Structures are given as C-alpha cells and as structure tokens.
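A.B. asks: The residues making up each chain are set out below.
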Amino acid sequence: MSPNETRARQAGVRRTVWRSVAALAGMFAFAFALVPLYDAFCRLTGINGKVDTTAQAIVSEEVDESRTVTVQFITRNGAGLPWHMQAETRQVRLHPGQTSEVNFTFRNQSDGESWGRAVPSVSPSNATRHVRKTSCFCFEEQQLQAGERIELPLVFQLARDLPPEVHTVTLVYTLYPVEGKRQPQQAVVQTKQGEEA
Amino acid sequence: MRTLLVWLAGGLTLVGSSQVALANGWNMPVGVSSLSGEIYGLHMTIFWICVVIGVVVFGVMFYSLFKFRHSRGAKAANFHENTTVEVMWTIVPLLILVGMAVPATATLQKIYDPSEAELDVMVTGQQWRWRYEYLGEDVSFNSNLATPRAQINGEEERGEHYLLEVDEPLVLPVNRKVRFLFTSDDVMHAWWVPELAVKQDAIPGFVNENWVEIEEPGIYRGQCAELCGVDHGFMPVVVQAVEEEEFDEWLAERKEAAAEEAMGVDREWERDELMERGEGIYGSICASCHQPEGEGSPPAFPALAGNEQLISDEDWHITTVMNGVSGTAMPSFRDTLNPVELASVLTYTRNAWGNDTGDVVQPADIAERLEE
Amino acid sequence: MAPKVPPQPTLEQSSTAAEAGHGHAHHAPPKGILRWLLTTNHKEIGTLYLIFSLTMFFIGGIFALVVRLELFQPGLQFVRPEFFNQMTTMHGLIMVFAAVMPAFTGLANWMIPLQIGAPDMALPRLNNFSFWLLPVAFGLLLSTLLMPGGGPNFGWTFYAPLSTTFAPPSTTFFILSLHIAGISSILGAINIIATILNMRAPGMRLMDMPLFVWTWLITAFLLIAVMPVLAGVITMMLMDINFGTSFFNAAGGGDPVLFQHLFWFFGHPEVYIMILPAFGIVSAIIPTFSRKRLFGYASMVYAVAAIAVLSFLVWGHHMFAVGMPLVGQLFFMYATMLIAVPTGVKVFNWVATMFRGSISFEPPMLFALAFVVQFTIGGFSGLMLAIAPADFQYHDTYFVVAHFHYVLVPGAIFAILAGAYYWLPKWTGHYPNERLSQWHFWLSVIGVNLTFFPMHFSGLAGMPRRIPDYALQFADFNLASSLGAFIFGFSQLLFVAVIVLCVRGGKKAPAQAWGEYATDLEWSVPSPAPLHTFETPPTFERPAH
Amino acid sequence: MWDVVKSVLAAFLGVQREQQRLKDFEKGNPVAFIVTGIVLAAVLVGLIALVATLAAG
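Chains as they are written, first to last, in my numbering: chain X, 973 to 1169; chain W, 3 to 374; chain S, 19 to 563; chain D, 29 to 85.
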C-alpha cells in the first residue's frame, strides 16, 4: 500500500474512533438523563402511581354530582422508623371536582428524635394525574421529637376529568426513615417543617 | 441420512411419551376465573398458529434437505432473489400478526376492566411470606409456607402439596369481583396463581392493582414468581375460594377472633404460654433468616443465640423487632404482628437457645408502647 | 459424509504475503508467555478470545450442572438455596458476558480482517488490551464466590433492590468486574467498526461484505449504544450501595422499577448482540453446503438492520407483570410482534437458499441446520411471550427459561460451534475429525432438546424460574431436563477432543477447504492461514451474476 | 427523495431487489439513508403508539 493510502486509512480509523467515543459518551450521559426523563414521564402519564411531590393549585370547577368515587387511605410503616402513622379515616366518598381534607396522625414512639418521609403512591395508575394535592405531609421530610405526636393534613381535589371508569382511588403512604438525618445535632438546625405543610 | 431419520423418530417418541405420561399438568391450566379461560384460549390459538407455520417452514426445509441432497447428485439451481416471493413472505406474516393482535388486544382490555369491586384485598410481599389485609374489615394475617423443613431436607416423606401449602390461605368468595392491591416491604416479589391467571409484581414503596372473579370454589395454589432472595422458592400462595355465604361467615369469625385476641392483651401472661406461642411464631416468621436454632447466617442475618446486645438490652431488642432495621431484610413488625404475638416471640428469643435472660415480655407492655 | 472438495482452482493469491520473512520488518515475536501477553496479531488475539470463551463456557456449564443436579429431584439434596442462587446468577453472567460474547468477538478478530482483506484489526494494541481486560474482569467475578456472604445471588438481571439494599457485600466487586467487561466489549466494538469501515480491500463496498461482517458491524453499533447504558445502571447501583443515593430505593424517593426500565433498555438489544453474529455465520455456511448463492443477500442485511432498530423499542415486554398502563402494554406488545417479520424473512431466506440446492451434511452444516430449526422454535415461543395477556401466565416461569435457552444454546452456541467447525480448517490446516464431530453433533442435539423441551411443559404447568426446589408435579420434567443437561454438558468434551486432534493433525485442508461455493476472501489465503495475511491488500472482485 | 424513502421502507420490511440496492449504493448518499432511516423509525414508533392509544380507547 502506498504511504498515501496508509495515511488515509489511519485518518479514517481516527475519525471513526472519535465518533464512536462521542457516541459512547452521549449514551452514558443518556443513561443518566433517563432518570429525570423517566420521572417526568411517570408523572405525566401516572405510570407506577407516581405523583407530584409539589403542591398543585385547586382548580375551581363544577362538582360532578352524578358520580361518586371512593378514596381509600392506606398507611404503611417501612423498616427502621419507630413511628406510627394513621389516617383519621379509612376512606371518603367524593364527587369529582370536590376538595377534601383528611388528617394523618404521626407519633414518634421512641425516646429520641428522628426524621421520616412518607412516600406516596396512587392506584389505579390512570387516576394518578387526576388527584391534585395542595397540601400533603408527603411533600416534605418530617421531624418528630421523642414521644411527639402531630397531626398533618392532606388536602386534595379529585379532578373532574377523572376517567369515567374509575370508581375507587387508593392513596398509599409508606413511611421511611430519612437516612443520615438521625443525629440530633443535625436535626437541631432544622425548623419543624411539619407545621408549614 | 438414515441415522438422521432414526434419531428423529426416537426423539419424537420420547417427546410423545412424556406427554402421555404427564397428560395431567403439562399445559397452561384453563383456570377458574372469569378471564383465565380466555387467556388459555389465546395461548392455544397462538400455539396452533405457530405449529402450522412451523410445519410449513420445516416441511419445505426438510423436503429440500431430502430432495436436493448432493449425494443424490442434485445440481444446484442458480437463483438468489425473487421480489414477489419476498414481498409475499413479508406481507403474509404481517397479516397473521394482525390476526393475533386483535384477540390479544381484546383480552387485554378486559384485564384492564376498572369496574367497581366488592372486596379489596391488600397483598404485601415480605421475605418470605405473603400478608393479606381485607381492607376495611380489620382482618389481616400472614401466610407462611407450611411444609416442614424435614420434608424439604428429605428426612420425611413429601406430602401431596409439597411446597404449595401454607398455614393460612387467602380465603375469597366466588362470583364476587375482588380487587387486589400489591406492594412489598423489602424486595420485588410477584404474586401468582396460575388457575386465576393473575400474576402481578409487588414493588416496595409502590402499589399495583389487579382483580379476579373466581367462578368455582376450590383451593388454588401458586408461588412467588420474582426472585426475592434465599427462600424465593419457599413462598407459596394458596387461595381458598368458597361460596359467598361461607365467606361472610368466615370473615365474621375472623373478626371475632381478632377482637378476642385483643381482649387477651390486658391480662398477665404465663412465661410458658408465651414461650410456646413464641416458638411457633419464630418458626414461621423468623427462622427462615435467623435459622431454627437462632444461629443466623452472617453477614446478612445476624445470630440471635448468644447475641450480646440482644441479651443485655431488652429495650433495643423490643424496638428492633417492632420497627425493623432500615436497609436490611429486618422488617417492621408493629403492624403485622399483634401485641400478643410480639410479646410471645420476644419472650421466646430472649430465653431460647441458652439466651436465658429470664425476661418475660408482657403483651400489655407492647400494647402500651404501640399506644403511646 | 466426508467433505467433498473439488479440485482446487488456481487462486489469484494477491500477495497473501505468506512467504516467510519476505521483506517486511516483522520483529521476531517474543517467546513463551510474553508472546501471548503482548501479541497484537488479530489471529493470535482471536485464538485467545476463543480459548478464553471455551474455558468460561465450561465454568458456566459446571454452574449449570450444579443447578441441574440440585433440581434432579424434589427436595434440597446437594446445595443450600443461598449457593443455588449464586449458581444460577453466575451461570447466567458467565455464559452471557464471558462465553457467548467473547466467542463472537474471537471469531470477529480472526475472520473479519480475513473476510475484508485487511492485514489486521485497525487498532491492534487496543485489541490486545481489550482481550486482557476479560480475564481480569471474570477472575474478579469468580473470586466473589469465595468472599464472605458469597457472590452475586440476585439473578443475572440483578433487579434492585435485591441487588442493592439487600445484596451481599461482594456486590461492589461484581459491579467492578462488569464495568471492566463492559469496557472490553466497548473497545472491541470500536475496533471492529474502525476495521470494517476503513480497512476493506479496495473495491469492496459495504454491500459486498460477507454477512458475518455485516452482522458484526450492526452488533458493534448496538454494543456502543447499549453498553454505556449498562455502565450507567451499575454505576447508579454502586452509588446507591456505597454513597447513599436513592436511584432505586423507594425509601429515599427512588424507584425500583426505574432499574428494570434501564436494565432492559440495555438488555433487549443485548439479546440481539448475542444472536446477530450467529445469523452471519449461518448465512455463510448454508450457501457453502447448498452449493448455491445465499438467497436475498440484500434482504438479509436489511432484516438485520430492522431487527437492530426494533430491538430498542421492545424492552417493556420483559416488564408486562410490573404494572403498566394499557397503552404501554399494547405498544410493547405490537412492537415485539413486529420483530417476527424481519426474523421470519431471515429464516425464509435460509430455507430458500437450500431449496433446489445441492446439499451435503458436513459438521458445520449439521450445526447450522440445527440452528435454523431450533432457533425458529425459540422464535415461536418468543412470539407467544409477546402476547401480553398470555405473558402474565408465562412470565418468570420455566417457559421463559425454555424460550431463551432455545435461542441461546441451539441458537447462538450452535452457531458458534458451526462457525468453529467451518473455520477450523482455515485456522489449523486440518479438517476436524469427521466421526468425532458427528458424535458431538448428535449428542448435543439430543442433550439440548432433552434439557430444554420439557421446560416448556414445566413452565406452562406453573413452575417459576430460579427456585432451588419444586412441587412434586414438576418432578418428571426436571428429571428429563437434568439428564439432558448432563448429556449436553459432557458431550462438549468431544468438542475439545476435536479441536485438539485438529490442531495436532488430521486430513490436510486446501485453501478453499469447503469447495468453490465458499467464495469469501478468507478462502483465498492458504490453510492454515499464515500469521500475516493481506499485507498488500487484495483486489476485490465481485462475483459475476 | 421518494427513491430514498422507498429503499428505506424496503429495508424495514427486509425486502430489496439486487439492482435497486446496487443503484442505491452507487448513487445514494449514505447520510440521506441514515437520516431517512431515523425519521422512519420515529414514524414507526409514533404509528405503533397511535394504534396502541386507539386500541386502549
């Protein structure tokens, strides 16, 4: 092969390699970009019962009295947090468009303060987008002193455009400890966030 | 070539005989739910379509292999493309696929039928048992493998329902739509009963739903269908479907029993009473990780026998069992065991296998901690 | 059925540069172990890959036999469930990442430069490096079995949080080893792309390349697209385990289902990475022994490309039981069913190639024919699995195990064996021993079917995957599967015997070892292929129509 | 342009005539083929998604 051809080949190889490396870097970044993309996609479509963790505005819309929907509340305690969480009522019956407030009780049953977070999930998934929460303890991490008991509200509205086939909506909250926030000295700096919710 | 045919015949005989010998249970069950029969039908339709395509394709192939053998002096033709034929064998499969997709879509739509259910059951997967909660009925219980370890280890003869039997089955009424909510306390599990044609993953932190309407009373068995750790193979599901009246009676009985148990919390319990009850609970709930003799299997599952911290710190022991340990397989038992059960198992583990602390944990103390 | 070799036509050997010494300044290769450690020759590296893959095939096979031994009858007899889970996991990981993938890379190293008339791979030193990463990666992976708490026990799909929060301490090493193996695959893929795009003999256009080269080019693109995603997923796992992040941990606001989406976004194309080069090998062998040109060369290339594109759209079919809106289920069901079309085209083309050919049954052809039949069976069960409502019943049962083993064992592995038999004369200069090869083939076919066919039944009857013990009604199926597995496993020793005999001697093979219908460039160099070939590029001549 | 689309569509179906492919590779601009391929793949995704949405009602 002539030196020219060899050089052309080498240039070609170099070009291919750089393009491949660029594609690789792109795909690696894409894998990480998929995390927020997936989140956004889930919230948009309600896949997996994921819900918005920020407050939404109540929309004033006509209440659809022709339909009644049962909203169930289920609370679960994940491992490692000496708390007890309970909804004041097991279920409410609502018309789409109506707003409702339900109180949840949190008790710290240990003799140390601790941080917890309630992770929300909604079923069925096609109802997820139609539950608007304006206030929820699940928006923030909570701190409870030893033996403390607080009541926190959940204020939500069932959107009028809730799919007609939905008769029951289940809201599930699983309580988990917040890792790395169990040391008292860290907790002291924080204000009690529960009251803002 | 002759050897090929002989082997082929041999192979077919083998497959054939295995089917005859195992005619009972070599195909998907037709099942007993309102949709299982339809799913079975779909399965068989697609199966037969595949068989027909297979017969045609392999037919042409084996015909060619036989007819155009080099050893028979076959001369190769010289064609290597034909657009008409190629378009045909693209379009025809496409049409067959559309034909398959239509009934499949219809069935899927029925599976997603959201009409109102008459009974809601929350199914929670936990390493390695199922927990059932009849929502709004104050009835809930754990469902553990009932097959003795001695059978698994071959020290005893295996029973008819080896590995597919539980201490407390999920009791459901026939002819009522039952809605399931699935979740998990630790890793992913999957709840599956073939005869009900329901398989759904239980995901920690999230809920999934599905439903069933059983048409025939009977006992239906299934298993966890998602690898969930060491005892994944020992996590059966048993559903007992009963007539509606029978179900209502059963539910009332369960409520009564729960109330009675709650009454017993206040009295002073004897040590032996607690020890006996605790041994049973330890065997069904704790032994799969901490081992029957409390030796554990470190590093994942610490030993309880001779555990210094457990022996010296009763309060730590109680809180750990009640609240669990985050990031480990140790769940919180505050909601899944009642005060009597918690007190029994605590008393048992504080006194068994040479842990002789002599402590008796009273149900009333536990109840008080839960009330606080 | 001895190979019938026509009198060898005089080949215009465009300076295959075999003549020893011959002007070029080749440094005297280092002797002994250093020679193999430092080699940059594509043939030697190809050999290293193939030997490594064969070794790993046996190690993964031993793990499989431990599994089958335990499942021979109901009850726990030989191993505890902890170890059983490690065996199923290691079997999957080793077979996928250390046996099948390196085997194809090895064949690519050996054959791609020969098939496109290049003197070597484009990046020879990188080639050496990517090979030597593999023993490091899998040495590390195997060593986790000896660590406290044991090796990975969460299945080769390592679903979170079983593989993160609840994993044994050795998981960090598992992640590291997978990273290293991934880097090796990526470097290999870059090298293959660079070679194919830049090093072809003058006159050879892309559409003139043999199908093995084509399928590998597309496979390499798939690798570049999805291996970084795998790297991303395991990096997230590493961070969840060691740095307190919560990508997959619901307690910290993460989502375990996200893991599955990411994993299968990698995992489904990965499945095609393991089968596309197999298509290429079979597409070379069937025309050779049918003495007829491949039917529909262009359609074959396009079908492979279509399969590769579709493979990015179907990951959700692994997750039907996870819970998904109806639209999602339908989308993934339809997309998956569509893959049957290009796959069908390939099978039809192979059959049409045989039709009105002049067929003989040498060992490579036997394996290729078994590939076509059994891969198609795996394809049928794949089509059944695509039907979402029915998949609720099949998912995570032995039906799935039967399906993917049909695609991977009598699929990918038979194609690798076919390729090995096909090219052994080129590598060693001798034909493989006919009688031993026949025994190897027939025992393998019987063993494979006895192992995997009953799994369809046990799965349909309700036996879940990955269980160390099972209910009594599955006993007969498992007995048959275990018998078959031992037949298949031990018959692979015959393959080793064939290779050893073939290296040491046997019937001498000419350059065109399988006759005049094998027209790709590799048959224009002598058998065995000298260490250096095509130092002056050959002039590619298109076969006349 | 239409020729390019036709060729890529043929590729999706896995069907192509020898002459047509030779023509493509002699005259065609690879970038055009790749871009058309990507666009058509996106169209395919959209199409499947549309059918799925319609079927889901």
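If you're looking for bench data, these hints aren't it; they were derived computationally from the structure. A quick note: this is a predicted structure, and the numbers were derived from the prediction, not measured. Possibly wrong hints are sitting among the right ones.
[To be verified] Under the rule of at most 20 angstroms between Cα atoms (straight-line distance), these lysine to aspartate or glutamate pairs were calculated in the EDC-like manner:
| # | chain 1 | residue 1 | chain 2 | residue 2 |
| --- | --- | --- | --- | --- |
| 1 | W | K179 | X | E1137 |
| 2 | W | K112 | W | E157 |
| 3 | W | K112 | X | E1137 |
[Stated by the list, open to error] Non-contacting residues of chain W with respect to chain X, defined by C-beta distances greater than 10 angstroms in every case (computed):
| # | residue |
| --- | --- |
| 4 | V94 |
| 5 | A103 |
| 6 | P105 |
| 7 | K112 |
| 8 | Q311 |
| 9 | T359 |
Backbone N, C-alpha and C fix where the C-beta goes; we use that ideal spot for every residue, glycine too.
A.B. asks: Would you mind marking each hint as holding or not holding in the structure?
C.D. replies: Outcome of the hint check:
Restraint check: the Cα-Cα separation between K179 (chain W) and E1137 (chain X) comes to about 15 angstroms, which is no more than 20 angstroms; the hinted pair holds. Only pairs whose Cα atoms come within 20 angstroms are accepted, and K112 (chain W) paired with E157 (chain W) is rejected, the gap being roughly 47 angstroms. Between the alpha carbons of K112 (chain W) and E1137 (chain X) the distance comes to roughly 13 angstroms, so the proposed pair stays at or under 20 angstroms and holds. Remark: the non-interface label on V94 (chain W) is consistent with the geometry, its nearest Cβ contact in chain X lying 35 angstroms away (cut-off 10 angstroms).
With a closest Cβ-Cβ approach of about 22 angstroms to chain X, A103 (chain W) is found to remain outside the 10 angstroms limit, as its non-interface label requires. Against the 10 angstroms criterion, P105 (chain W) stays outside the reach of chain X, whose nearest CB is about 22 angstroms from its own CB. Every CB of chain X lies more than 10 angstroms from the CB of K112 (chain W), the least distance being 13 angstroms, so the non-interface label holds. Residue-level check passed: Q311 (chain W) sits 16 angstroms from the nearest beta carbon of chain X, beyond 10 angstroms.
Separation of T359 (chain W) from chain X is adequate, the least Cβ-Cβ distance of about 22 angstroms exceeding the 10 angstroms criterion.
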